[in-house]
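Let's have the full structure, built from the sequences with the hints guiding it.
Chains as they are written, first to last, in my numbering: chain A, 549 to 1011; chain B, 25 to 136.
In short, the hints are calculated from the structure, not lab data.
One or more of the hints may lead you astray.
Among chain B residues calculated to face chain A with C-beta under 7 Å, some are [unchecked claim]:
hint : residue
1    : 39
2    : 106
3    : 110
Just so it is clear, CB atoms sit at the ideal spot from N, CA and C, and this is done for glycine as well.
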Amino acid sequence: MENKSVKIIVPVGSLGAGVREEEIAYGIRQGANAIASDAGSTDSGAAYLALGISKNNRGSVKRDLSILIKAAMEARIPLIIGTSGQAGADKNLDWTYAIAAEVCDELGVSPKIARLYCEQSKALLKQKNAQGKISPLPPHGPLQNAAIDSCERIVAVLGVEPYLHALSEGVDIILGGRTTDTAVIASYAIAHGAPWGPSWHAAKIAECGAQCCVSPTNGAGVLLSIDEHGFDVEPLNIDNRCSPQSVSAHMLYENANPFQLIEPGGVLDVSDAEYTQADSRTVRVTGSKWLKKPYTLKLEGAGIGRYQTVMLIGIQDPGVLARLNEFHDNMLHVLNERVQKTMGLSADEFHISLRMYGWNAVSGDVPPADTPPPREVGVLFVATAETQEIASQIAKACNPYFFHFPVNFDEELPSYGFAFSPADIDRGPVYEFKLNHVVSLDDPMELVRIDMTTYQAKEVAHG
Amino acid sequence: MAKVSDVCKHVRSKNAGPYWVTFDLFFKDEAHFAQYHDSPTLSPELFAGLYGAAPDTVKQFSVPSLNMVKVSYGRKTPQGGEVERDMHCGQQFVRLLDVELEPTMPSGRSEQ
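See below:
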């Protein structure tokens, strides 16, 4: 790539969070060669993988896709989306593809679309496990087949290779399954000859969009320009700027190690990276290294645990607020006793937690003795049990006590402020991550299934 | 002794994937960083005491260019269990704020 740079628009931290049309137009005027963004992560919990659903509403994803597909098709540059539909399982990807197809119909465009599927069959993973190809990441131990079976869905977290393949086939749009945030962005630069160190590092800095800027809320995206010696990063909003501090600090974000980032097939090492102010809005980064390692993909699996039913009351009674710790402990004791007596459940068959919002719900710690009483608290009752029906029955058994539990037993029973009627809400199961393992591969493409189709836009009825 | 909130301009916490929690302590300036980044108080045992972290999973990094220290630990149970109270661990930094930090070097001691 002599004297050339690869320019990539990262329009937003995650698809559906709100891209800005004027920012995309700015990036394209600067000569962008591609648009790339992830569309999810594990951060919001295991439910999205277990269920194969998005945390975003359909409309917000469609809005962002409409702006991006239109801009990419007009500028004739590829649009690359990773971790489609929040968790990147097959169902999440199909959901995103259906939205993209609808957008293509409305725009009257017929792009070549690659779908990169990476949900894994349990049988194949058990086979890999038997061959000793799956290793645990700390603090986990060796993978048991029971853990594989306990998952609703399992994905392999892809690297750049499937994207490189799709790009080499000249696709217009890539919709990837679960992929590292960085690989989605780095893939385009690597496909066009940029060195791996700056490509991965630029991608890490840009993966949350404008988060690496001095004012993270002023705008949505950034523009990367990657060349053979390093990369530049600038906000897509011309009123915002990047500083060496804002850019280098992003390497810390949601990452356990500030100097190294483990990726499929290698490690990004930024120990020797230098960040300098190139112009008033742009930061130049050099010295990023890629250390090649044996090829592994991380596995993510999510399963269904026990079920929960919740109730919520608000308390303003100063007599209760002055004695909250005692109130909590006494009520919890009585509720546990009541469930055991009326339902015949043993202590290990259910769990009740009372979380006093406004007092200590987040920490669960007992506040220091001199802490002044709050003006009010919300008490969240959470019952957990083997089935939804049992959790629901526990809540109903506890309802009158939760509603009327006194601090002084010789006075008229109080009535606290229920938020709803009926008071108990079946919340569904607890979704849990079950795997923290990597699978070793000789061929980086082994666990991905690629579908490449030219989508034929259907005529949309008007009027 | 100074508290974390006295010597840092910003402290934050977040998940680093479902199995790790990471804390970023941005000191007020170079002088505060020099005095406290290697504080014996910022030990694996501190995180074991405050968060129940297994001490052998605690990793600590100093980033002088940003006057900051990053501490991460591996969770015993992953994000989002039955008794989860902070799904993204975005509030966990609060317990650190009142921790009193012993300075790295008592005054008068040579840097060598």
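For each hint, the structure was consulted:
| no. | hint | in the structure |
| --- | --- | --- |
| 1 | 39 | holds (6 Å) |
| 2 | 106 | holds (5 Å) |
| 3 | 110 | holds (6 Å) |
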